[in-house]
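So the protein sequences, as listed, match chains A and B. Residue 209 in UniProt numbering sits at position 209 of the first sequence; the count goes up by one each step and never skips. Residue 315 in UniProt numbering sits at position 315 of the second sequence; the count goes up by one each step and never skips.
Keep in mind that the hints were calculated from the coordinates and are not lab data. Quantities reported herein were computed from a predicted structural model and do not represent experimental measurements. One should not assume that every hint holds.
[Said to hold, decoys possible] Derived coverage of chain B by chain A (criterion: at least 3 residues anywhere in the stretch with Cβ under 8 Å from a Cβ of chain A; other residues may be distant): (1) 199-205; (2) 340-352; (3) 367-373.
Glycine included, each C-beta is placed from N, C-alpha and C at the ideal position.
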Amino acid sequence: MNNSLRLVWVYPDLLSTYGDQGNALVVERRARQRGLDVSRVDVRSDQPIPTSGDIYLIGGGEDRPQRLAAERLRRDGGLSRAASNGAIIFSVCAGYQILGHEFINDLGEREPGLGLLDVVSTRGEGARCVGDVLGDIDPNLGLPPLTGFENHQGVTHLGPSARPLARVRLGRGNGTGDGTEGAYNDTVFGTYMHGPVLARNPLIADHLLKLALDVNALPPSDDRWYEALRAERIAAATQPA
Amino acid sequence: MAGNTEPLSPRAKLAVTAGKAAAAVSRAAGRGSGSVIGGRVALKLDPDLLGRLAQHLDVILVSATNGKTTTTRLIAEALRAAGPVVSNALGANMPAGITSALAGGSDARYGVIEVDEKYLAGVARDTTPKVIALLNLSRDQLDRAAETRMLAEKWREGLSGSKAVIVANADDPLIVWAASSSPNVVWVAAGQAWKDDAWSCPSCGGVMQRPGDDWFCGECGFRRPAPSWALNGDYVLDPHGSAWPIHLQLPGRANKANATSSAAVAAVFGVPPQVALERMYQVQAVAGRYDVVSFLGRELRLLLAKNPAGWLETFSLIDPPPTPVILSVNARGADGTDTSWLWDVDYTQLYGHPIFVLGDRKLDLAVRLEVAGLDFRVCETLDEAVQMAPPGRIEVIANYTAFQDLRRRVGN
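This is chain A alone, in the form it adopts within the complex (with noise of 0.2 Å):
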């Protein structure tokens, strides 16, 4: 398999308030695990998204940094680019909502995103989503169950061609009322999970690998702490408080 890997972080000046930082550092460091040659980026609102990168991550933000990045990343174009040369995509919340076809914004406004991922995002009218999700993946991926920390006001609706990337047992995830939970298509994720989401699903890091390498396996890890995580989060959202 090809032995580097290019990972970008997107916006980290906007977009990178709830931990999501750790979704690069986990990527990274499970790359790195398997002996790839890891380079990562980060790229700051005011320089260009490179287009040549493997791997994109995006985070959660505030109303406003979240309005600001939409703004600069269609101004730019570097990820759409990336997007359509076949780059991996990964988005949580706001980059989430960024990455559908619109967004309300601050200003109680509709905001144009990049329509990489078929979504249209609106606000709820109930109270914010807040506390530990509990989901099943798409069984189509292959993954062990979902687990993560929501925060957040959106609703995201899905169109024909995103599919849910998980149904929620416990919590809310897309806000819809149907129990689906994120959203993704061939490259592209986004999810509501924070936590960071893949610190506390490891194996959607590896996917992503899998994905950017275009290979069907990965060398084994030892994820001995990642998996008592999952458990002790796993069983705290199953028991009633």
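For chain A, the structure is supplied; the task is to place chain B on it using the hints.
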């Protein structure tokens, strides 16, 4: 200056008495100091009590994400040079706790009050302070708190009509944004190691440029104001350019910054920096923080760190390797139930230290440290962690309720 000329009304007196009785009952029931319940009872009987109690005092408010309890103590010590002080020294920093603290200081001249960030604008309205000290703002408990920039915005709106002198940190763009709507600001270059909540301009959203210690927005011109006070190494520089040595028992750069802001506050009341700084030396430990306690034959230094900015400042003050470090993290209500913030803390700074991990969320920490490439041991109890470390100093860093658990275990 305030004088004790207007006595409390009968209603206010009754409220104070009822509050003290409720506090005494709460203490007798073994439910803490009773200051919060006492304040609640008193405020129910007289909703304006806080304002009435404050009328008789020169009030100083202190708010920040980190360092507010310590700075409140430092200011209180400094101002005792000028007169008696009443203060919510135990950190009960919401209106009920503040009311209760003030009710206990009927002959004080100064009220030095720590205020929770969310309540600052309201308490400032109720107490008409002479000085408000604003130290720093950064991400903290995002699962239940307001967004950080929104908090700065609320401070800005709430303080715009205040007649108080605002003593504010010029090195924190969010603090400068919050303070700069006020007509009377004393800028203090107190430093701010954590920068990740102020990369976008609080005024226009432009990308902040941060060459060296300076900062400015390239788009709208919002920039660091020229400070009149500064922390410079181990010295406070006053507005005349004189350098005064800082001697503290409290460790770390952040406490030198707190001392600098405190000296600037004391100067507003005519206490010279030399006198203020000498008095600050008295402060040894603040609600257990920084205390060194003997436990199982080791010396444990207890350090509280509640959020990424706090952990960053704490890492900079611990003894170098091979001093062992115990880390304890909980995620109960008072801590915030989301542990994602662990990933905003740069644990690679602990390379070379033997690390022991405990607390309700030790497994979150374990994964965090594993991904950082650090060696660590996961322990069930403090005793187990301490017994694995050699005799000598151990640095113990914990977040809020984990810290309270540790204090109980070591009998502090």
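These are the hints, each one checked on the structure:
1. Counting residues of the segment 199-205 of chain B whose CB falls under 8 Å from any CB of chain A gives 3; the rule of at least 3 is met.
2. A count of 5 residues in the segment 340-352 of chain B with a Cβ less than 8 Å from any Cβ of chain A is obtained; the coverage claim is therefore met, three being the minimum.
3. Here's how the segment 367-373 of chain B fares: 6 of its residues keep a CB closer than 8 Å to some CB of chain A, so the rule of at least three is met and the hint holds.
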